[in-house]
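Starting from the known structure of chain A, fit chain B onto it as the hints suggest.
Protein chains in written order, with our numbering: chain A, 6 to 120; chain B, 6 to 118.
Keep in mind that the hints were calculated from the coordinates and are not lab data. Incorrect hints may have been included.
Unchecked claim - Subject to a maximum C-alpha distance of 25 Å in a straight line, what follows is the list of computed DSS-like cross-link-like pairs (lysine-lysine):
1. A:Lys98 - B:Lys23
2. B:Lys58 - A:Lys112
3. B:Lys58 - A:Lys98
4. B:Lys46 - A:Lys47
5. B:Lys14 - B:Lys45
6. A:Lys47 - B:Lys14
7. A:Lys98 - A:Lys61
8. B:Lys46 - A:Lys76
9. A:Lys76 - A:Lys112
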Amino acid sequence: GESVGLHLPTLSVQEGDNSIINCAYSNSASDYFIWYKQESGKGPQFIIDIRSNMDKRQGQRVTVLLNKTVKHLSLQIAATQPGDSAVYFCAEKRWAGGGADGLTFGKGTHLIIQP
Amino acid sequence: DTEVTQTPKHLVMGMTNKKSLKCEQHMGHRAMYWYKQKAKKPPELMFVYSYEKLSINESVPSRFSPECPNSSLLNLHLHALQPEDSALYLCASSQGPGIWELFFGEGSRLTVL
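Okay, chain A solo, but in the shape it has when bound (with noise of 0.2 Å):
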């Protein structure tokens, strides 16, 4: 099963609210997470990343938070906008031994700006 998954499918936030969306995660190993957000009928974009060694990382209006010990991630949206709106994945790195690696993907969590 997948390893990174989120709690919410769908989040409704007031347009100028912050935003808060979460990620949990199974494997203990894990040392690098990725958020990414896919608007409609678009490919993912890359917002932010954070390694094991931190527990906070920061952005243009997003921060990133990562509680090792309860494997949990977060990502804060400040002052929330109509171009926010998009379905926001958390990801992590794929150890494939001596290969090349890829992302695995959470469920998702779509984002809705309310006016």
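Just chain B now, kept in the frame of chain A:
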């Protein structure tokens, strides 16, 4: 150029047809990927190419045949597909094996009749 370009954007094919999906990047990336995405589902890894060599095949049926002619191009050859193969096929690239920021194309939406 920071784009991954996929063609065609839409493809409709019958179960007896042979078609190909194409992917191109000019970022100098040495790892390229095919993902399959069904509606309202996350992308699922199909194939990984590293330095033009197939390094991962995630137990994909042989009716899907990948090809990497050079470091900029990635093809997915389709033959005798089933209706359940209808999906969005996403191509991605990264700087190389062990670099996990993947750049995705817009995808090719495939419908098998």
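How the hints compare with the structure:
Distance restraint check for lysine 98 (chain A) and lysine 23 (chain B): the Cα-Cα separation of roughly 33 Å exceeds the 25 Å cut-off, and the hinted pair is therefore not satisfied. Under the criterion of a C-alpha separation no larger than 25 Å, the hint pairing lysine 58 (chain B) with lysine 112 (chain A) is inconsistent with the structure, at around 29 Å. About 20 Å separates the Cα atoms of lysine 58 (chain B) and lysine 98 (chain A), which keeps this hinted pair within 25 Å; it holds. At roughly 14 Å between alpha-carbon atoms, lysine 46 (chain B) and lysine 47 (chain A) fall within 25 Å of each other, so this suggested pair holds.
Distance check on the hinted pair: lysine 14 (chain B) and lysine 45 (chain B) sit about 19 Å apart at the alpha-carbon level, within 25 Å; holds. For the hint linking lysine 47 (chain A) to lysine 14 (chain B), the alpha-carbon distance of about 10 Å falls within 25 Å, and the restraint holds. The suggested pairing of lysine 98 (chain A) with lysine 61 (chain A) holds, with an alpha-carbon distance near 18 Å, which does not exceed 25 Å. Our distance criterion of 25 Å between C-alpha atoms is met by lysine 46 (chain B) and lysine 76 (chain A), whose separation comes to about 22 Å.
Between lysine 76 (chain A) and lysine 112 (chain A), the direct Cα distance comes to roughly 16 Å. Compliance with the 25 Å bound is thereby established for this hinted pair.
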